[in-house]
Amino acid sequence: MKILLVEDDVMIGENIQIALDGEGIAIDWVRDGNAADAALATQTYDAVLLDLGLPGKDGIELLRAMRTRSDSTPVMAVTARDTVPERVLGLKAGADDYLIKPFDLEELIARLHALVRRARGNTDSVYRNGEVLVNAATRQVMIADRQVMLSSREWAILDALVARPGAILSRTQLEERLYGWAGDVESNAIEVYIHGLRKKLGQQFVINVRGLGYMVEKN
Amino acid sequence: MRSLRIRLILLLGVAIMGSAALQFAVSLREAMQEANKLFDYHMKQMAFALKDTGLDDTEWYTSSKPSTNFDFVIQIWSDDGVRVFQRRPYLFLPQQAEVGFSTVSLNNGDWRVYAIEHQARRIQVAQKMETRRDRAISLAVHSLWPIIPVSLLLFAVAWWVVTSALSPLNRIGHDLAHRNADSLAPVSDEGVPREVSLLVAELNSLLGRMANALRSQQHFVADAAHELRSPLTALKLQLQTLTRAKDEAARTQAVARLQGGVERASRLVEQLLALARQDPLSDSPPQAPVRLSACMENAISDVGPLASSRNVEIRLGDVADISVSGNAEALRIMIRNLIDNAVRYAPHDGTVAIAISFENARVMLTVEDSGPGISEENRLRVFDRFYRVPGTSAGGSGLGLAIVKAIADRHDATVHLGHSRLGGLKVDIMMSAAMAETSESAPA
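So the sequence lines, in the order shown, correspond to chains A and B.
In case it helps, this note's numbering puts the first sequence at residues 153 to 371.
In case it helps, this note's numbering puts the second sequence at residues 2 to 445.
Errors might be hidden in some of the hints.
Stated by the list, open to error - List of simulated lysine-lysine pairs, DSSO-like, C-alpha gap at most 27 Å: (1) A/K352 / B/K247; (2) B/K52 / B/K38; (3) A/K351 / B/K247.
No lab work stands behind these hints, which were simulated from the structure alone.
Sequences are here, hints too, so could you generate the full structure?
Pasting the structure below:
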């Protein structure tokens with residue numbers, strides 16, 4: 153999963169970045185509306201975490217602009233504006249969810265997962281392939297009722313693949329899913345994590361389409 | 002008597018009754034004079050009528066004719082002093098009085114007497130004054146009776162006029178009494194007389210000022226609550242990051258972040274309190290002569306650690322040793338905020354220059370930095386509470402310059418933002434000196 157964080161407060165942004173990084177969620181962090189516009193124009197994200205009180209271009213404006221140009225990326229508004237009219241304004245402008253400051257990291261992460269799951273349309277969030285069962289909601293991976301432990305990087309790649317079974321994701325797309333802009337991308341990192349996944353889930357679980365990228369079978 | 006209406010009605014009622022009484026007194030007096038004149042004339046006519054009749058018959062003495070309404074008593078004496086005639090029996094009657102009109106006092110009251118002498122007879126007509134008075138009173142009362150309904154009518158009209166003239170006041174009172182405790186909407190002066198509309202205008206102006214003050218307080222509280230959420234969110238997230246930290250290095254880093262968050266939150270709270278204390282509505286600070294250079298030295302030592310951590314050089318220009326009138330603590334906070342801002346926005350290894358100069362009884366404090374400066378369009382807005390110049394990342398509360406402005410306003414000082422020779426922002430604060438003390442000292 154890869155999300156765009158739009159937050160001008162350094163302290164808040166830093167901690168969200170650390171927390172999401174620990175969850176294996178790739179994160180791009182921008183500090184103002186114009187940078188967010190630029191990021192949305194060049195990248196695709198699973199979700200946007202949008203602070204509404206932004207310098208320069210306001211969050212609501214950014215949200216309206218996104219929805220006007222039919223950008224349907226799920227957006228979670230994060231703001232200190234807690235009155236009902238303000239929340240209604242945010243939701244009307246196109247926010248899919250609303251989180252009031254101060255919030256819990258746990259809640260932020262849980263809501264983010266729920267948001268992305270809803271957007272993907274598979275509410276059961278379970279992918280099954282042979283003996284392998286991937287539950288995106290609980291982040292549990294089972295092989296014949298035996299739980300498999302994955303590293304957060306491995307999970308991030310698996311999550312991206314099972315989100316759209318049958319679709320081929322290029323190495324670059326996977327790298328994007330894996331790292332925010334801040335992360336250093338090692339040249340063969342994706343191969344290493346795919347190798348790890350295959351070792352744990354079976355050689356045929358992740359299919360390599362030569363020259364194009366990787367996919368999991370559509371079930 | 003607290004009710005203006007009752008007071009006016011009663012006063013008007015007394016005035017109406019007073020004027021009615023005066024009118025009664027005047028007409029009674031008129032009636033008295035008229036009655037006197039009339040009866041005197043009657044008595045005279047009667048006496049003249051009697052002088053030509055041959056009245057020597059003593060039978061007259063006892064004869065009794067039907068009395069007239071006005072109780073004239075006729076007496077006739079012969080020249081030997083024998084009373085030959087008397088009409089109407091009276092226990093006391095005036096004895097022979099002098100010729101002409103006279104007034105005689107007897108035990109049964111005052112008598113008006115008219116006497117003439119004619120052919121050895123003396124004819125005297127007398128009348129009790131009481132009778133005259135009764136007649137005059139009944140005349141006066143007759144002429145007066147319309148005054149009573151007229152007075153009542155006047156009283157009713159006064160009641161109505163007073164009530165209707167005071168009805169706008171009643172309406173305003175009613176309006177004020179029945180509004181919400183937090184409603185400071187102006188009172189309508191519709192249909193209010195000019196004298197009262199001045200009062201209403203003053204009341205509305207007061208209400209307006211109250212509403213403004215209340216609104217600005219509410220904005221301040223709402224802004225402050227909103228602004229406090231950000232550092233609180235940061236603190237909460239930092240704490241959670243700390244509990245999630247897996248190794249020692251991550252934990253150490255998280256603790257450092259948490260400390261940063263606590264410092265930021267306490268700084269914000271401190272500045273909010275400083276701003277609240279400089280609020281124009283709060284009590285004015287004691288005004289005493291304050292040495293500006295001493296405030297500046299204190300402020301510099303406050304900012305010293307930050308400056309050295311950023312390796313920013315604080316350069317002192319000419320520092321005039323001048324006193325201004327004001328509050329030392331407030332002035333120190335003002336100068337500290339300016340220097341703190343300058344140090345924060347100056348780049349690493351940058352420069353901040355401070356000077357105090359004196360000219361034409363005006364003191365000018367100048368703080369310059371080698372930072373990015375503030376663009377023309379933002380210069381007006383930076384004094385707003387919680388306004389941060391877009392793109393700045395120094396993590397300020399957006400209150401520093403608002404506090405500077407508030408303190409400057411309370412000290413009748415003007416703040417001017419300009420461009421510094423060092424490349425960044427130049428802040429000039431102009432204020433008047435407390436006394437004509439112009440001894441310039443060498444740079445400290």
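Now the hints, each set against the structure:
1. Note on A/K352 and B/K247: the hinted pairing holds, with a Cα-Cα distance of about 24 Å set against a maximum of 27 Å.
2. Under the criterion of a C-alpha separation no larger than 27 Å, the hint pairing B/K52 with B/K38 is consistent with the structure, at around 21 Å.
3. The straight-line distance between the Cα atoms of A/K351 and B/K247 is roughly 26 Å, inside the 27 Å bound, and the hint therefore holds.
Going down the numbered hints, you'll see the structure goes against none, and every one checks out.
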